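S.K.: Fit chain R to the known structure of chain C by using the hints.
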Amino acid sequence: MKFIELLRFATGAIIAHPLRSGLTSLGVVIGVAAVVMMTSIGLGAQQRVTSTIASLGSNLIIVSPGAARGGGGGGGGGFVMGGAGTGMTLTEDDAEAIARDVEGAIAVAPVVRGQAQLAADGANWNTRIEGVTPDYLIARDLTLASGRMFDDREARQGKKVVVVGQTVARELWGEQDPIGRRVRVRSVPFEVVGVLESKGQSSFGQDQDDVVLGPLQAVRSRVVGRRLRGEVVQTIYVKAESEDELTRVQEDVSNVLRVQHRIRPGEEDDFSTQNMASILQASQAAVATFTILLAAVAAVSLVVGGVGIMNIMLVAVTERTREIGLRMAVGARRSDVLIQFALESVALSLAGGIIGLTIGVLGALAIARVGDWPAAVPTWAGPLALGFSMLVGLAFGAYPSWRAARLDPIEALRRE
Amino acid sequence: MIEVRNLTKVYQMGDERVAALDGVTLSIARGEHIAVIGPSGSGKSTLMNLLGGLDRPDDGAYLFDGEDVSGFDDDELAQFRNQRIGFCFQSFQLLPRLTALQNVELPMIYGGWPPAQRRARAAEMLERVGLTTRMGHRPTQMSGGQQQRVAIARALANSPDLLLADEPTGALDTHTTQEVLALFEELNRDGLTLVIVTHENEVAEHAQRRIAFRDGKIVSDERTLAPA
Numbered sequence: 001m002k003f004i005e006l007l008r009f010a011t012g013a014i015i016a017h018p019l020r021s022g023l024t025s026l027g028v029v030i031g032v033a034a035v036v037m038m039t040s041i042g043l044g045a046q047q048r049v050t051s052t053i054a055s056l057g058s059n060l061i062i063v064s065p066g067a068a069r070g071g072g073g074g075g076g077g078g079f080v081m082g083g084a085g086t087g088m089t090l091t092e093d094d095a096e097a098i099a100r101d102v103e104g105a106i107a108v109a110p111v112v113r114g115q116a117q118l119a120a121d122g123a124n125w126n127t128r129i130e131g132v133t134p135d136y137l138i139a140r141d142l143t144l145a146s147g148r149m150f151d152d153r154e155a156r157q158g159k160k161v162v163v164v165g166q167t168v169a170r171e172l173w174g175e176q177d178p179i180g181r182r183v184r185v186r187s188v189p190f191e192v193v194g195v196l197e198s199k200g201q202s203s204f205g206q207d208q209d210d211v212v213l214g215p216l217q218a219v220r221s222r223v224v225g226r227r228l229r230g231e232v233v234q235t236i237y238v239k240a241e242s243e244d245e246l247t248r249v250q251e252d253v254s255n256v257l258r259v260q261h262r263i264r265p266g267e268e269d270d271f272s273t274q275n276m277a278s279i280l281q282a283s284q285a286a287v288a289t290f291t292i293l294l295a296a297v298a299a300v301s302l303v304v305g306g307v308g309i310m311n312i313m314l315v316a317v318t319e320r321t322r323e324i325g326l327r328m329a330v331g332a333r334r335s336d337v338l339i340q341f342a343l344e345s346v347a348l349s350l351a352g353g354i355i356g357l358t359i360g361v362l363g364a365l366a367i368a369r370v371g372d373w374p375a376a377v378p379t380w381a382g383p384l385a386l387g388f389s390m391l392v393g394l395a396f397g398a399y400p401s402w403r404a405a406r407l408d409p410i411e412a413l414r415r416e
Numbered sequence: 417m418i419e420v421r422n423l424t425k426v427y428q429m430g431d432e433r434v435a436a437l438d439g440v441t442l443s444i445a446r447g448e449h450i451a452v453i454g455p456s457g458s459g460k461s462t463l464m465n466l467l468g469g470l471d472r473p474d475d476g477a478y479l480f481d482g483e484d485v486s487g488f489d490d491d492e493l494a495q496f497r498n499q500r501i502g503f504c505f506q507s508f509q510l511l512p513r514l515t516a517l518q519n520v521e522l523p524m525i526y527g528g529w530p531p532a533q534r535r536a537r538a539a540e541m542l543e544r545v546g547l548t549t550r551m552g553h554r555p556t557q558m559s560g561g562q563q564q565r566v567a568i569a570r571a572l573a574n575s576p577d578l579l580l581a582d583e584p585t586g587a588l589d590t591h592t593t594q595e596v597l598a599l600f601e602e603l604n605r606d607g608l609t610l611v612i613v614t615h616e617n618e619v620a621e622h623a624q625r626r627i628a629f630r631d632g633k634i635v636s637d638e639r640t641l642a643p644a
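As they're listed, the protein sequences go chains C and R.
Taking the working numbering, the leading residue of the first sequence gets 1, the next gets one more, and so forth.
Taking the working numbering, the leading residue of the second sequence gets 417, the next gets one more, and so forth.
If you are wondering where the hints come from, they were derived from the structure by calculation, not from laboratory data.
Be careful, since some hints might not be right.
What the hints assert, rightly or not - With a Cα cut of at most 25 Å, we get these calculated SDA-like pairs of lysine to any residue:
(1) C/Lys2 <-> R/Pro576
(2) C/Lys2 <-> R/Pro531
(3) C/Lys2 <-> R/Trp529
(4) C/Lys159 <-> C/Ser221
(5) C/Lys2 <-> R/Ser575
(6) C/Lys2 <-> R/Gly527
(7) C/Lys2 <-> R/Lys633
(8) C/Lys2 <-> R/Glu540
(9) R/Lys633 <-> C/Glu411
(10) C/Lys2 <-> R/Pro512
(11) C/Lys2 <-> R/Gln518
For clarity, every value in this text was computed on a predicted model and none was experimentally measured.
Only chain C is shown next, with the shape it has when bound in the complex:
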């Protein structure tokens, strides 16, 4: 009951000086808004990274040539997207060995990549071309929108057929159906047999539909052949049967490849394997660290806001010394005075927190809408922001309130 009265005294004092109270809260407003915006942007980034990596294919293991370097953290993204590893240590034989010897590998897809100029029916388009086997669709979780995928026989025979992505189809043929049409890839004619379902833009800005898939043999010999000799491939994708099998399959793949490459125990691998789960984990950890860093920087402004509140509260205690003395004379206990001023400080800070939360959420949504960046306001942003601003008010209001409560009523009443 009395608490409510003390709260009314506190809010009354705040309302009595609207401009001053507003300016005092401003520090907390900015601090909370910054923290909310930063965590929202960070969480958005995390979701984007997750969806990007998931879009590469589930339960996927990526085998790249060359020894693994450094930590698996942010570098994972490079491996995933780049593909063209150093060295030429992986071959189709390796892929066959994995398919034959590793239990639980439901799809093994060796890949070569290149960039190629396409020409068809008077239109030109420069795009990525990937030489793959039919397993590639399974490994990468791709589906066809129309037509068919070339089969193993066509792939082995080096038949000149391709499956095109949505972007390529649109650029070359517009609204027309590309199935059965001819396209010249670096002057070599290919026949379009299928069109991929759209996968949209990846979070790193790459258009995943801007791609042409051809049989491994044909693409290597006709398109990227100059750089790759023999049966060399740039990446082997291995899809494990289930997530539980992922680590075991990854180890088996390594073991098979060590035998294939005659690597003796103790020697360093000339290839590296990564599974999506660990890449995902590493990337998320990296983004989370980044988010925490941003939020910590923003939190500094919250502390600055707290100092502002403390400053004004000290002024208020000095200004209202006589009021404090009078309250004590008519029966306020020291704890009543302490609570009144602490409430005033918390209310100032909390009001700033509420305004800051509103601005932060609106700001995050505005960034999501205007900029090409996802912003996900975490559900805990509200309670956290309000809890923190209350804590700031309490922490920085403690000393001024204590000073008010310690005043000698006689001295206080005598003060001009």
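M.R.: Structure of chain R alone, referenced to chain C:
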């Protein structure tokens, strides 16, 4: 009602120790109207602070209805001031942000009264001091005499046993002084115990008992049977 024995209060002024109150012994009966007089620095304000529970003596005993107030802790003193004492100050000490009614409510808020009863009682007290039409006014919208009457209404709010007034007419003109003194006398007639610190003879003459202070000691304590 009040028994004060050998009350002593010493202040440290630089290197010097000054006894503001030097072994004062005094008793006050319920219903008395007392004026405490003396030059500034004589110890009359210190006595007032001690009687009002705003301060603790360095030595001596202060018995209020048999209870030793000098042994109270801060919270007990706060409750003592709230329930037993009403204060009137020379500068009124009204809170400028609050209306007359809200100012009068203040002691009752700390006394834990429910809002409705509190408001009714505050209105009643303002009526008692003749300010029925000024309840919603703020102190700045009122004259000095009106402000002091609000302060008196506030002092009466919790039905105190003792009303302590420190130079209550010091900031008022002759006419309003008369009004305030008349109000005090009326309250005294209704049974309120009054202790007024003053250096104005006119105020002191209204009292039935005059206690004069000098250098922290009582130099005279005289009674007149009938008020002047």
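S.K.: Hints first: check each against the structure and report whether it holds.
M.R.: Each hint, compared with the structure:
Of the supplied pair hints, the one linking C/Lys2 and R/Pro576 holds, its CA atoms being roughly 21 Å apart against a limit of 25 Å. Of the supplied pair hints, the one linking C/Lys2 and R/Pro531 holds, its CA atoms being roughly 10 Å apart against a limit of 25 Å. Pair hint C/Lys2 plus R/Trp529 holds up; C-alpha atoms about 9 Å apart against a cutoff of 25 Å. Between C/Lys159 and C/Ser221 the CA atoms are separated by roughly 11 Å; this keeps the pair inside 25 Å, and the hint holds.
For the hint pairing C/Lys2 with R/Ser575, the CA-to-CA distance comes to about 20 Å; that is within 25 Å, so the pair holds. Distance hint between C/Lys2 and R/Gly527 is fulfilled; the C-alpha atoms sit about 9 Å from each other, no more than 25 Å. A hinted pair counts as satisfied when its Cα atoms are at most 25 Å apart, and C/Lys2 with R/Lys633 does not qualify at roughly 42 Å. About 22 Å separates the Cα atoms of C/Lys2 and R/Glu540, which keeps this hinted pair within 25 Å; it holds.
Only pairs whose Cα atoms come within 25 Å are accepted, and R/Lys633 paired with C/Glu411 is accepted, the gap being roughly 23 Å. Proposed proximity of C/Lys2 and R/Pro512 is supported: the alpha carbons are some 21 Å apart, at most 25 Å. Proximity of C/Lys2 to R/Gln518 is assessed by CA-CA distance (about 15 Å); at most 25 Å being required, the pair is judged to hold.
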